[in-house]
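Participant: Join the two chains into one complex using the hints; note that each chain is given alone, in its own frame.
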Amino acid sequence: MEKKKWNKKKTVAAALIVTFVWVTLWLLQCLLVPKYASEVVEGNLIAEYYQEEKDHDVLFIGDCEVYENFVPAVLWEEYGINSYIRGSAQQLIWQSYYLLEDALRYEKPDVVIFNVLALQYNEPQREAYNRMSIEGMEWSMSKVGAIQSSMMEDENFLDYVFPILRYHSRITQLKREDVQYMFSRPKVSYNGYYMRVDSKPATNIPEPKRLANYQFGDNAYKYMDMITNLCKENDIELILVKAPSLYPHWYDQWEVQMEEYAAENDLKYINFLELQEECGLDFNTDTYDAGLHLNLWGAIKITDYLGQYLIDECGLEDRRSEEHLSKIWEEKLAEYYAEIERQKVLYGVE
Amino acid sequence: MLFTSYEFMIFVLVTAVLYYVLPKKMQWCVLLVANYVFYAIAGVEFLPFILVTTVSAYLVGMKLRSLKAGQEQYLAVHKAEMSREERKEYKAKEKKKQWRWLLLTLLFNLGILAVLKYTNFAISNVNSVMKAFGSEGALEFVDLVLPLGISFYTFQTLGYVIDVYRGKYEAETNPFKFALFVSFFPQLVQGPISRFDDLAQSLFAQHKFDTKTVSYGLQRILWGYFKKMVIADRMLIAVKEIIQNGDTYQGAYVFVGMLFYALELYADFTGGIDITIGIAEVLGIKVTENFRRPYFSKNIKEYWNRWHITMGTWFTDYIFYPISVCQPMLNISKWSRSHLGDALGKRVPVYLSSFVVWFTTGIWHGASWNFIAWGLGNFVVIMISQELEPLYRKFHAAFPAVKDKWAFRAFQVVRTILLMSTLRMFDCYRDVPLTFKMFGSMFTTWNWGEVLGGGLLGLGLDVKDYVILFVGFLVLLTVSLVQRRGKVRDKISAKPLAVRAVIWYVLFLAVLLFGAYGVGYDASQFIYNQF
Chain H
56 MEKKKWNKKK TVAAALIVTF VWVTLWLLQC LLVPKYASEV VEGNLIAEYY QEEKDHDVLF
116 IGDCEVYENF VPAVLWEEYG INSYIRGSAQ QLIWQSYYLL EDALRYEKPD VVIFNVLALQ
176 YNEPQREAYN RMSIEGMEWS MSKVGAIQSS MMEDENFLDY VFPILRYHSR ITQLKREDVQ
236 YMFSRPKVSY NGYYMRVDSK PATNIPEPKR LANYQFGDNA YKYMDMITNL CKENDIELIL
296 VKAPSLYPHW YDQWEVQMEE YAAENDLKYI NFLELQEECG LDFNTDTYDA GLHLNLWGAI
356 KITDYLGQYL IDECGLEDRR SEEHLSKIWE EKLAEYYAEI ERQKVLYGVE
Chain S
426 MLFTSYEFMI FVLVTAVLYY VLPKKMQWCV LLVANYVFYA IAGVEFLPFI LVTTVSAYLV
486 GMKLRSLKAG QEQYLAVHKA EMSREERKEY KAKEKKKQWR WLLLTLLFNL GILAVLKYTN
546 FAISNVNSVM KAFGSEGALE FVDLVLPLGI SFYTFQTLGY VIDVYRGKYE AETNPFKFAL
606 FVSFFPQLVQ GPISRFDDLA QSLFAQHKFD TKTVSYGLQR ILWGYFKKMV IADRMLIAVK
666 EIIQNGDTYQ GAYVFVGMLF YALELYADFT GGIDITIGIA EVLGIKVTEN FRRPYFSKNI
726 KEYWNRWHIT MGTWFTDYIF YPISVCQPML NISKWSRSHL GDALGKRVPV YLSSFVVWFT
786 TGIWHGASWN FIAWGLGNFV VIMISQELEP LYRKFHAAFP AVKDKWAFRA FQVVRTILLM
846 STLRMFDCYR DVPLTFKMFG SMFTTWNWGE VLGGGLLGLG LDVKDYVILF VGFLVLLTVS
906 LVQRRGKVRD KISAKPLAVR AVIWYVLFLA VLLFGAYGVG YDASQFIYNQ F
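Protein chains in written order, with our numbering: chain H, 56 to 405; chain S, 426 to 956.
Bear in mind the hints are in silico, worked out from the structure with no lab data behind them. For clarity, every value in this text was computed on a predicted model and none was experimentally measured. Please note: incorrect hints may appear among the correct ones.
[Said to hold, decoys possible] Straight-line Cα separation of at most 20 Å, EDC-like style, residue types lysine to aspartate or glutamate; simulated pairs:
id, chain 1, residue 1, chain 2, residue 2
1, S, Lys889, H, Asp233
2, S, Lys711, S, Asp623
3, S, Lys521, S, Glu595
4, H, Lys163, H, Glu103
5, H, Lys255, H, Asp337
6, H, Lys287, H, Glu156
7, H, Lys230, S, Asp887
8, H, Lys387, H, Glu103
9, H, Lys65, S, Asp635
[What the hints assert, rightly or not] Pulled a few chain S residues facing chain H out of the computed Cβ check, cut under 7 Å:
id, residue
10, Tyr431
11, Gly559
12, Lys889
13, Ala926
14, Val936
15, Leu938
16, Val944
[Claimed, not checked] Chain H regions said to be covered by chain S (calculated; three or more residues, Cβ under 8 Å):
id, region
17, 68-76
18, 210-218
19, 235-248
Quick reminder that beta carbons are idealized off the backbone N, C-alpha and C, glycines included.
Next up, chain S with everything else stripped away, as it sits in the complex (with noise of 0.2 Å):
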């Protein structure tokens, strides 16, 4: 059930009702019943990955918990009788215990994942290497299922539980509200990447019809369709025809095509967090906000702070900092320290932990060297942007006014805007020589009268279209630069009635009137579903 069809605009319409019509108490078993329908329309055989994903956290969940609660009660009696050493020994005792079940829930759903996702590519290195090797011989491929969204439910529901390992919060204890919480249907296909505590509130909590925090939810999904419908699909049209024919589009075409990618998928992905944030907002619940305005960026740092964020933050806290200071990577630090001097000593494990945050990063968006070259191509820059940094602080003290001056602050901005576009385009070819080539052809091929002189319009979209891209993108530039004032659905509500319901009415025509959807246009997926 796609997200722009009617069948989901209905369903998500049917579940409002059922949720503000049943007495309160039923509303989180309503949206328990709602997203395991979602599911079952998505595929019933995806039921049992979801289901055993679940089963396992809660289960190790309250594990976890029940072996805090002993440790707390034998602390609490045995206290006045064990020296400091003793309790030491027997805290470190018990948290083997519970790095034991942790591990053992990590390993299990992390396998699951592994096996689903990327057995056909380890197959694939396989054979490649067997045939670099001159073996005729070749393993098979495998035909197994993907569930939907399981690298999101998976990487929420591990958060869940390393949390509850780390005593952040307790394990939840009804097994059907953790159901919920792993399940919730509007972020299941394209994140947020929840975490329990900011969550778990608002979800299990009662919510009455509120005319106001419903219209904002409308509003926003609203507008996430504007992004996706009219922007998004109508881009996805060049964007196709340019990567899918690599030998006809070169030169400027790969730039067109790398720019359009840019904005593509900024409309694509935020357009549906917009949808997902906007249908929790009409159920009266509060989901994480996953951007910020990326594209005004000054850096690829500031970027990835501002991009994606609950996924960033996700690897940050469950992969870097566990990472950094494990007890190996400690041996390392003492060592590079010793051996490479302090200054560069220190930075070589978090050149490590980053190292490996990126790798997982681009294999956790795609079984294929694409999303690792794209993985490690971000830790290049950063790396890199990183090294340089005293450059900066040289050049900046050398002049100081520049920092301030609106022109370097654009220029920054662009220099980031090129940066991701050039590392996406690891997303858009076949495959990494590919990319590589095409990345060539934009310095070799000079071809930029062609594009202007009409070759804009082979690309599937007429000048109608483009006019409609051209004003879809002032008005998202618009409402960008409004937010940094505040929220715009704020200072929309102020003004009277009849401005209020000209301005949704108008966007809701353009969706309707403008949205690249129905039979001639492909039903094409959100970009993140597939991760």
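Isolated chain H (complex conformation) (with noise of 0.2 Å):
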């Protein structure tokens, strides 16, 4: 009898340190894990769409020329598309598709449109970028494959099941912020589009490298094909684009190489450089960063371009008159446009 009260005790106690340690490792992960809230904000627009309703006709994946050249509010406001952005920064074609994948786990756009511009890389380039692409998402299957087709060499894939074990040196480093949204996040996109509003005309092109290949290597092919059969397996129209930034440089051998690709699989393949003109593109006011990323000005022409095509080339229907949707859009748009005034403010623009 004594023993078993004893036991009992030593259970109690084991089960209160467990516990104790347990909470304390998981308030310390929230605490040190960064929170993207001042400064770049691209760390959480993956996360953010576990958030939303998932009932989206179009679905965007690939990189910054994605999150922040094309705006789904205008695919609303101006013909009733309800899309999502999935992008981040450098997001590389094997996160795209995983994240594709992802979200195919929650719904089944009838159209998904990917930013051609990823294949130019073959291999993981950078463990910050992989960080912010790869943490916001949920566990899933598809997590662990982005993770692992991610890992630059010096990674380790327990680094991203506890992430405290990467950030653990952030301890000294910590400001305010990482206490103020130790459990949630600010948000920071519109459905995945990244606003700016300020212009910074494109008055200096940097002349395009010369590259010792132009080839799209075998890796960057390999899961350009996956997403074109994910689609395909899905029932789901596949858009290839190439948005209209000025740099990088979109070289020539890659336009012949992105043309062949699109015939040979029947895809439909839009570059948007060759649209400024019919765009209504000007990169002395539509650009806040000289050409490398769009402002809301010119990411509003070319999502207006791309809003008629869904309509007439994909026969997207116009879906304002649905209540639900257009209460949830009513919310978001208000949002979007308070966002644009302040920002006007901020950047004191007309």
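Facilitator: Printed below as a string of structure tokens:
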């Protein structure tokens, strides 16, 4: 009896210790992971998708050339298309594949739009970007795949499972926002769109670098095929796009390969670099960083073109009559316009 | 597989679980498999080397065993009919046979070590000599593998064969158990260099899961990680910066680098040994201690009795003593006594043997003149301190109270640390001339103002890093002071559960949060891995 009592006491003590350790480690992890609140807010883009009601007609996947150049609010307001951007900084093609696979667990859009600049990379580039693309994903086999395909040589899978192992050294660099956003992050995007209303004319575009090899790599093509097949298997129309960003340079040799790939796989391909005039883009006013990315005014122009294209070529229907969806968008648009006004004041834009 | 890698921690965990879950009679088999898996992960190409050493030592051990048994049997049968001289002659003849087998295995295994570790060093010296004589030709360096822990397992194995030859114990008859002794994975990388009679019994015994032993082992491992990851790997950043940029960092920087390296090496090496001993403890196995608070030594001789103890005793038992009593040395002793007088003459063979030991110690640490210079530097300092012994005695006779003064003991400790740290500069710099140049700059370049006026913050560490290092150093010092009065873990385990839990959890958090590991930090090897 005495022994039993003792064992019970010991078990309770052990359980209390384990719980205490678990809770403190979890709290520490919440404290230490970067919040991407005031700087590099792109780190929050991927996670925001999970807060959405998932009934999108169009999903964008890709790098900054999608999340800074296409505006879902415009697609809704002008064409009644419900869309979302699953994009993050330097999102590599295999990350796009796994993000699409992940999204398909929740919904089946009619159209997926993929920005092709990511084909330039055949292998992982930078750990910091990997983190921003992957960490926001909820755990699934897609996330496991994204991690395994993206890790640099000095990275370890366990560091993704327990981010405290990666960010432990931030203990000496904590800021107020780390405490403020320990449990919930500020919303930074508008259906995945990262907004900037300011302008910086594209007056000095760097000369394109000469490359040793203009052929897209095998790994990049492998994942391009996987995206194509995934869309076909799910009866989704895949549209390849090249955003009109002037830099990094889009080479003619790349264009030829993309056109060939689209033709071979019976895919639609839109190169917005060639549609600048048609869209009415002016790189004196429509970019906020001298040609790398469009600002809101430029993004509205090409989104407008895309919206019409989706209606005409893909047969998407106007859903503005759907009450529930309209209500959701009403709130979203209010936030969207409020942010425009906030940024106008911030950047002194008329 | 670095000791600090997640893979290693998982490997140890899996090994420990299998070790205790499977039937006890299989425990040593689990360990043997774990050893070879560990070694294969380090490099499959290394396996033949450790296997060759294991097999050769095992076979020679068995041969020595059968020769000794044959000798005993023969003497038992023929003792009555043999005269004392005949017995002596027979024994000498048999000993010679055994000696040939011992010599064979020594030459074979040391030959492997020499070829793999020192060929390129020899080639570089030959090239230097050829260049000095005006030759334009140069021998090409060869691309040889250096199996993990080769210096450690070779010495451990040869120690076994020598002990069997000396009749200290009988040879192990089970080849697999012998293979386990040679390849025990926690100590394969950086020692300690265990003796068969110290380790084998514990290694082959059946161990039942004991909460206290296992938790003691885990605590020791955690302490090792604290030293390695919080102190050594953080200190490494500044040490590297100083020693790899000799043109930039001279004068006071050299002095700072020298002291930083002393602390880094201590935290690195003792941390590694703590992890080794801790893992063994988790498995219920007792491994010989390798350090006894060496930085509290009052002289260099004492220091070497407390630093890397198993290496020091190995060199003493298997090199110093045999050389001291070999026939040529006895002849030298005789000659020196008759020509140099009794006092000096009897020290000559000791110094000659010490010279060989320190030369070997130096070159064992690495194939470069730096290590040889370091070894011989130790020899010179020890020799000088022995020669000055009468002077010390006179001084203490004149001032008998000084010896027991706290300040004098502190002076002795600081002197020993400075001496050892100075000698270790040979480890740090690219070559011997540069080491001397940097040493000289401590006296010729007076830039303490620059170093203390912000220079320390230019070495890759910020104020927070220095605070962490300082606190870490204080913890290290406190633990060392407490250790003088008994095992720290015993003292902690006597405290209430809540206190114990807080102590170990805080240590765990210190490693987790302040450890210099992961992306952004170099996954640095333990310094002694390379030996």
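Participant: Now, for every hint given, state plainly whether the structure supports it.
Facilitator: Consistency of the hints with the structure:
Restraint check: the Cα-Cα separation between S/Lys889 and H/Asp233 comes to about 18 Å, which is no more than 20 Å; the hinted pair holds. Among the hinted pairs, S/Lys711 with S/Asp623 is consistent with the structure: their alpha-carbon atoms are about 8 Å apart, no more than 20 Å. For a cut-off of 20 Å, the pair hint linking S/Lys521 to S/Glu595 stands: about 18 Å separates their Cα positions. Of the pairs offered as hints, the one joining H/Lys163 and H/Glu103 holds, with about 18 Å between alpha carbons and a cut-off of 20 Å not exceeded.
Between H/Lys255 and H/Asp337, the direct Cα distance comes to roughly 11 Å. Compliance with the 20 Å bound is thereby established for this hinted pair. Distance hint between H/Lys287 and H/Glu156 is fulfilled; the C-alpha atoms sit about 13 Å from each other, no more than 20 Å. At most 20 Å may separate the alpha-carbon atoms for a hinted pair to count; H/Lys230 and S/Asp887 meet this at roughly 17 Å. A C-alpha spacing of about 13 Å is found between H/Lys387 and H/Glu103, which places the hinted pair at or below 20 Å, so the restraint holds.
Between H/Lys65 and S/Asp635 the alpha-carbon distance is near 16 Å, which keeps this suggested pair within the 20 Å criterion. A distance limit of 7 Å between C-beta atoms decides the matter here; for S/Tyr431 the minimum to chain H is near 5 Å, and the interface restraint holds. With a least beta-carbon distance of about 44 Å to chain H, the hint placing S/Gly559 at the interface is violated under the 7 Å criterion. For S/Lys889, the suggested interface contact is upheld, since its CB lies about 4 Å from the closest CB of chain H, less than 7 Å.
Of the supplied interface hints, the one on S/Ala926 holds, with its beta-carbon coming within about 6 Å of a beta-carbon of chain H, less than 7 Å. Against a cut-off of 7 Å between C-beta atoms, the interface hint on S/Val936 is violated, since the closest Cβ of chain H lies about 9 Å away. Annotation: interface hint on S/Leu938 holds; nearest CB of chain H at approximately 5 Å, less than 7 Å. A distance limit of 7 Å between C-beta atoms decides the matter here; for S/Val944 the minimum to chain H is near 6 Å, and the interface restraint holds.
Evaluation of the coverage hint for the region 68-76 of chain H: fulfilled, as 3 residues show C-beta separations to chain S shorter than 8 Å, against a requirement of three. Beta-carbon proximity to chain S at under 8 Å applies to 4 residues in the region 210-218 of chain H; the threshold of 3 is reached and the given coverage holds. Coverage of the region 235-248 of chain H by chain S is violated [criterion: at least 3 residues with CB-CB distance below 8 Å; count 0].
Going through the hint list in order, the structure does not satisfy hints 11, 14 and 19.
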